[in-house]
Amino acid sequence: MTRQDWLLWLSLGLVLLLLALAVVGPWITPYDPAEADLERRLLAPSLTHWLGTDHLGRDLFSRILAGTRASLGSVALILLGVLAIAILVGSVAGYAGGTVDAVLMRVCDAFMTVPTLVLALFMIGVLGTGLANVIIAVILSHWAWYARLVRGLTLSLKNRDYVAAAVVAGGSRFAILRRHILPGVLGQLAVLASLDLGHWMLHVSGLSFLGLGVAPPTPEWGIMINDARPFVWTSPMLIILPGAAIFVAVMAFNLLGDALRDRLDPMLAERVH
Amino acid sequence: MLRFALRRILTLLPLLLIVSVAVFLVLRLGQGDPALDYLRLAQIPPSEAALAQARMELGLDRPIPVQYLHWLGGAVRLDFGTSWVTRRPVLDELLHYLPATLELAGAALFLVIVVGIPLGILAALTKDRWPDQLTRLFAFVGASIPNFWLAFLLVLLFSVQLGWLPPMGRGGLEHLVLPATATALMSTAINLRLMRASVLAQLGERHLLFARARGLPERAVIGRHVVRNALIPPVTAIGLHVGELIGGAMIVEIVFGWPGVGRYALQAITSRDFPALQGFILLMTTVFVLCNLLVDLAYAWLDPRIRFGASTS
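These protein sequences, in sequence, are chains P and U.
Okay, so the first sequence: first residue is 0 according to numbering that gives the first Met the number 0, each after it adds one.
Okay, so the second sequence: first residue is 0 according to numbering that gives the first Met the number 0, each after it adds one.
Derived by calculation from the structure, the hints in this document are not laboratory data.
Because the structure is a prediction, the values reported are computed rather than measured.
From the three backbone atoms N, C-alpha and C, an ideal C-beta is built for every residue, glycine too.
Hints should not be assumed to be uniformly reliable.
Unchecked claim - A few chain P residues that face chain U, going by a derived Cβ cut-off under 8 Å, partial list only:
1. Pro-114
2. Thr-115
3. Ser-204
4. Gly-205
5. Trp-232
To be verified - Just so you have them, the derived chain U footprint on chain P, three or more residues with Cβ under 8 Å:
6. 104 to 113
7. 123 to 130
8. 208 to 220
9. 234 to 242
Looking at chain P on its own, in the form it has when it is part of the complex (with noise of 0.2 Å):
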């Protein structure tokens, strides 16, 4: 094997063990992970505790583990919620053309004028706080680069020969797009966005961090930091283990992306090597 596809393999490993953690995790944690138990608050790692306790005697493994499913659950619906208006947009703009070319790409620069976390600041200040806003404001936040991503793709598919045919051949305009220009865009998508996943991750922890999340007791890596930081002098494992959650799974997802581009898109893998 080469050194990429060893790479591939680790990282896919790697990811698909985090998928099966985010299904199975809160059904194997050794203890309730919201279960508070104030005797036994900040216990250093022993055999019955592994990672120790934390500031209201939860077992710390049991809610790093259980927190596996807020992380990887939000960015599977992010990368969903993307894709899904990024492709409705920017087909739609690329295969009409016009106006509404002219309008749906004016909305777009609108929202990529704003920086990613103040507009996802403000849709939460909009919406309120939870989890589920977190992941509205991360894809209104991003959605709009993929739009005009999958818009250049359907330009450039739009006049090849193949669809002409289809035209010709009397293809309605949305059989056309479906069976002709997006199976070709997809591809390229799934690669640029498998490059964005650990990026979502970090955007999703980060505001988990600032408390606009998940609502206590529910684990979840980025408010367990929160929780911790007045312990952060006597206690700083509270904080470093879930950090570091949060850190191998953003790598996984880097690497993943990384190998998936060297092994299905050479061009843009030649520019970057």
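Chain U: place on chain P using the hints.
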């Protein structure tokens, strides 16, 4: 140059206007009744009479286009309304917090440039040898590490363990080092990889062969022909970094108790203080747009092809 600058400014104004309309609509048509939030923050019990009174005071009883124009009229005279929480003008408060955030984001941008660019050149010139591998690892860690977590790690190491730098607050340079590093790392990593790729692309150019054939020493070939041309993609990307750095600074601020816009925004979000939110998004967007304008102008100055409209689409 002046005409180029004017043209850029004229394309930016409509964009800001669209953003302001969108922000206004989202706030007015979004969830809930602003008058209710207003009364809650003023700690007035929401009776029918009080609600009607609040709607009249806030102008909510008038048609939305009228409300918008009224608000826009204020905004162009730099009146963004009054915060429902503190009862002080929103713009005064934001401008009070903005310099701290800009100081942090600016220091971070400085790091992104003075660390990212030289390391990118080094990585390209030592491609696949150990300095390149080391910067690859650095870039990889940098792109994956949450900035607020990095902030805590830096505090734990440099303030708690070593006692070299203060863990909190704003002041001299020693207060700036840790937050700026935490804010800058991700963009530095991206910038490094971009510069590396750009230098590698330049190294493949044929005009270098002529430069070497002319007997130019390697230092001059790299310095004069490679680096200068290779700088164009990273300079273009600075505008993107600015947006990330402003956002990053607002999160890192919370860790370091840095008195910036981030804390103000957080308060406006949790208390649903609509005028403050509106002022926040518009001011930060304006700052971002102005930074991008500066980058564009610098870019046009570096590259005359842009200035003379060869590719201004």
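- Query: Any of the earlier hints contradicted here, and which numbers?
  - Reply: none
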